[in-house]
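A.B. asks: Spelled out, the chains give:
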Amino acid sequence: MMSEPITPEEVTHVAYLARLRLTEDELSRFTEQLGAVLTHAADVEALELDDVEPMSHPLPVENTMREDAPQPMLKPSDFLNEAPAVEDGRFLVPKILGEQP
Amino acid sequence: MTSAIPDHYQSASSIAANVASGEISAAETLEQYLNQIEDNEKDVHAFNLVTIDEARALANEIDKLVSKGGNPGPLAGVPVAIKDNLCTRGIPTTASSKILQQWKPPYDATVVRKLKEAGATIIGKTNLDEFAMGSSTENSAFGPTRNPHDFSCVPGGSSGGSAAAVAAGFAPIAIGSDTGGSIRQPASLCGVVGVKPTYGGVSRYGLLAFASSLDQVGPFANSVKDAAIVHEVIGGFDPLDSTSIKEAPSPFTDLLGQGINNLKVGVIKELMGGIDGISDEVIARANEAVTALSNAGAQVEEVSLPAALYCLSAYYLIAPAEASSNLSRYDGVRYGLRVDGNNLNEMNINTRTEGFGDEVKRRIMLGTYALSAGYYDAYYGKALKVRRLLAENFADLYKDYDVLLSPTSPCTAFKIGEKVSDPMTMYVNDVCTIPSNLVGHPAISVPFGIGSDGMPIGIQILAPPMNESVMYQVAETLEQAGT
Amino acid sequence: MSPEIFKENWELVVGLEVHAELATTTKLFCGCLNQFGNEPNTNVCPVCLGLPGSLPVVNEKAVYFAMQLGRALNCTVNRSVFARKNYFYPDMPKDFQISQYDLPTNSDGRLDLPNGITIGIERAHIEEDTGKTTHIGTSGRISGADYSLVDYNRAGVPLIEIVTKPEIHTIDQAKAYVSELRAILLTLGVSDAKMEEGSIRVDANVSIRDIGETNLRTRCEIKNVNSLKSLGRAIDYEANRHIGLYENGESPKQETRHWDENAGRTRSGRSKEDAEDYRYFPEPDLVPLNPSKETITKIDQELPELPAERRKELLDLSGAKPSDIALLVERNHDSFATETITSGGSPNQVIKHLVNNLPDGLGQLTPQTLAQLAQMEEEAKITNTQAKKILEELVEQGGNPSNIAAESGFEAIDTSEVENLVDELITSHSDEWERFCAGEKKVQGFFVGQIMKATSGQADGKLINQILNERSAKK
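Protein chains in written order, with this note's numbering: chain U, 6 to 106; chain V, 569 to 1051; chain W, 2 to 476.
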């Protein structure tokens, strides 16, 4: 492959999408390492597979469903004790900058 | 001391029989194993947590049940070590990650529940590569596990703690998870039996997801028969897992002891030197396994699995893609670590940046990239098509062959620190095991002698989905030939 | 059909996305109660809290409801695949939403508005709802809040999202579409469809173009619209904003905007770095849904009569005002009306009572008793006021209207008695009578009032008028 498989700008963007922050060092290291994996993946990228049906699931199972019947629920003490911050039985989070997209 | 291999392994089936008959109590059995842990755990570091009190309580319950004449179950008093990515109610479940910060789940994984119901005593939570991402157990936030055969070597991974626990005699049985070889490869490197069941054969409910369409829970044991017995216990339909299979397979121990006369075995040539990176010594040993099966009466032929060439690439697109989504939930809101910030976004970023190790970050970013706008078709979409090709290759082969054979790992256990700086070199460790995960088929690794370095070598037997009984049948023959 | 003009030479183009909560007993992927008003974080389990290791299992009732709605909207019901929509937000326990993407359960349908216009339905897919975030701070809103609190009781509640084609060209059409869709949801019983309570939520994709232009211009998605009235206001505001931009030589950028009811305007919702990249991919924890032909045939056979047919039926029978009929269908009182009318109740009286006097339900009332009451009224045996009082009692306790009338002393005064009273009054007030006969209408009130006074209100006003008119005609 002639061009870089992935640029530092792309790695920065992807890190943001994944809510990760990279130092300068990490950025160059990860850019190189991800590049190596993507270069390896170029064999797959190059395959002509237009007629092949993608397979997202290993087994051909369909229509697994459950009845609309209530099941036992958790007590708030079962999980609120594990939460980093709680107020009035709810999970407390720092101020949110944007609306739900 | 540089190794910790006991002289003798007790089989799970004999423990269960002795406990059920009252010959030896579950409590005494447990103490034997706790002593072994006491002696060697500081060198091996197989466990993130040894649950001594809980294990003693479980053992006492079994003994009480036996004294009352009750049926204590097929694993009565058998100590079982659980990979620390399976939920245990009220007991920290960490995935060897800082981000979970000793999170205590409010529920047991289905597998854990079934083991307890079968009379097993859960003895502790074993170390792993963080979120099961790795092939050496070096990517653990709590430090690496060492190979009981040689403390300077890795045990393989990601279920390195479970494999090491069984090899070191800390427990006769351990449970692991296998997404790209994470049970079979450490089993091979530690000289124990390791099984990846058919996808959907064992419930994933309560398994901290790495790559949902590839993850399967399975057993480690010191014998093929023990593995089959435990597989029987943990397997079966679970209404809590939509991907679990409703149809019951034929009992896994059914064909044990029957020999393999006239069975047809295909040897995958791409994994016997066709693909670079598999050591000559391992290939030579695999050829001896071929001879052994042939001597036992099987018809053995070389076969081709052309799509195997692309499996590594496909896997390292699909698994990270699913992982990037599965690991989003570790955001500092509901459980585990929170590193504060001025606003939600900063808190999310601080928490994840601090909480995840490098390998996890790499795979999350790789997966995010593979799914992101503009790259989906080129990477993720293509990888899913390779998966289809591979499934078609396998289906063709299974028209003519009962099982397939290959090495489990391209090499014996390597030194701690040797491959950790180069992800791509590390990823190649999975080249023989990945195909079974991509198509959801079962496979087993059976110890078959040692290499020139004195470290164990494992042979892999692959079988069609839901056909584990024949897989165990062939594996047992290999086990007998190898010892 | 000539294009609708929004303003000058601009045409409005709107597509609507309606989210309706499905009225199942439990959530979409777990057995927690789908219920409102409980203490925070009490209707939750490992699955809807997104705890590590938990897995979703689809509620078959939610799928059935979704397919029912699909067929009611003339959609094709497809083999469908759940997909993950990935983005970070604290009200989503897994930081992805399980939805459907390229393979939705329903596609390619249509909805006929009462005025005959057809709106194309692009898709109607199943997805899970989010939790609820409360912003703590002086403003009570997201901006200016100090911190927020999250309750996951609503997380995982089943939603169906119905997406129209961009074929709505007036604000009235948009409102009519939502009303009609609500009526269908209610008729099927698949959703409570209460817009104010948020069990249906409407997002509007708004753009504008020149009359005659065929391409679609940049659209903005307007969220947070909580009533039909604000839907109209929001579309109007946004369309005018676009026109303003174009007239200034600028153009809108594609984005999600939030309707601010108090300020009467839309606002940009997210920062630029959050450019949407949802990284959809097939949900690996779930398997595809693939209903058999038999399942779909069964759904078709079980489909109840839809509002349009029901309105037509009642209209043919009663000849009443279309708006009254639509109201009765929405209240689900149309079959009651039909039965009352076919039991002999006069359509006018029956529709009048159902529309005006029975908004809170029918109680003990039966079609037979209402028919009887309407008959008594029609025959002037009782007055309007008396009928209303009897109706109240019938709703509360049931019974026989003539008995109630008798017990209450409502027995209408005999016609001849009223005639006598009228004649006496004509004699004693001849001046007024002359003026009445000369056509002075206001004197009529005098006569009716006097008779009512004399009978303590028991006489039927209509009857009095009738007698007055007869006498005056004879003169």
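Worth flagging that the hints you see were computed from the coordinates, not collected in a lab.
There's no promise every hint is true.
[Claimed, not checked] Over 10 Å on every C-beta distance to chain U, these chain V residues come out as not near it, computed from the model:
id, residue
1, R681
2, F719
3, E800
4, T811
5, L823
6, E870
7, Y966
8, G985
[Stated by the list, open to error] In silico BS3-like links for lysine-lysine, alpha-carbon gap of 30 Å or less:
id, chain 1, residue 1, chain 2, residue 2
9, W, K224, W, K254
10, W, K254, V, K814
11, W, K224, V, K666
Glycine included, C-beta positions come from ideal geometry on N, C-alpha and C.
A.B. asks: So if I understand the rule, the pair passes when the alpha-carbon distance is 30 Å or less; does K254 (chain W) with K814 (chain V) pass?
C.D. replies: violated (50 Å)
A.B. asks: Does T811 (chain V) really sit off the interface, with its C-beta more than 10 Å from all C-beta atoms of chain U?
C.D. replies: About 7 Å separates T811 (chain V) from the closest Cβ of chain U, which leaves it inside 10 Å; violated.
A.B. asks: Could you check that no beta carbon of chain U comes within 10 Å of the beta carbon of E870 (chain V)?
C.D. replies: holds (23 Å)
A.B. asks: At 10 Å, judged by beta carbons, does L823 (chain V) keep clear of chain U as stated?
C.D. replies: holds (23 Å)
A.B. asks: Between K224 (chain W) and K666 (chain V), does the CA-CA distance stay at or below 30 Å?
C.D. replies: violated (38 Å)
A.B. asks: Could you check that no beta carbon of chain U comes within 10 Å of the beta carbon of Y966 (chain V)?
C.D. replies: The claim holds: Y966 (chain V) sits with its nearest Cβ about 15 Å from chain U, beyond 10 Å.
A.B. asks: Please settle this one: G985 (chain V) was flagged as non-interface, so is its CB more than 10 Å from every CB on chain U?
C.D. replies: Holds: least Cβ distance 17 Å, greater than 10 Å.
A.B. asks: Next pair to validate is K224 (chain W) with K254 (chain W); report whether the Cα-Cα distance is within 30 Å.
C.D. replies: holds (16 Å)
A.B. asks: Going by Cβ atoms, does R681 (chain V) stay more than 10 Å from chain U at every point?
C.D. replies: holds (14 Å)
A.B. asks: Say whether it holds or is violated: E800 (chain V) keeps its Cβ farther than 10 Å from all Cβ of chain U.
C.D. replies: E800 (chain V) is indeed farther than 10 Å from all Cβ atoms of chain U, at 20 Å.
A.B. asks: At 10 Å, judged by beta carbons, does F719 (chain V) keep clear of chain U as stated?
C.D. replies: holds (29 Å)
Checked against the numbered hints listed earlier, the structure breaks hints 4, 10 and 11; every other hint is satisfied.
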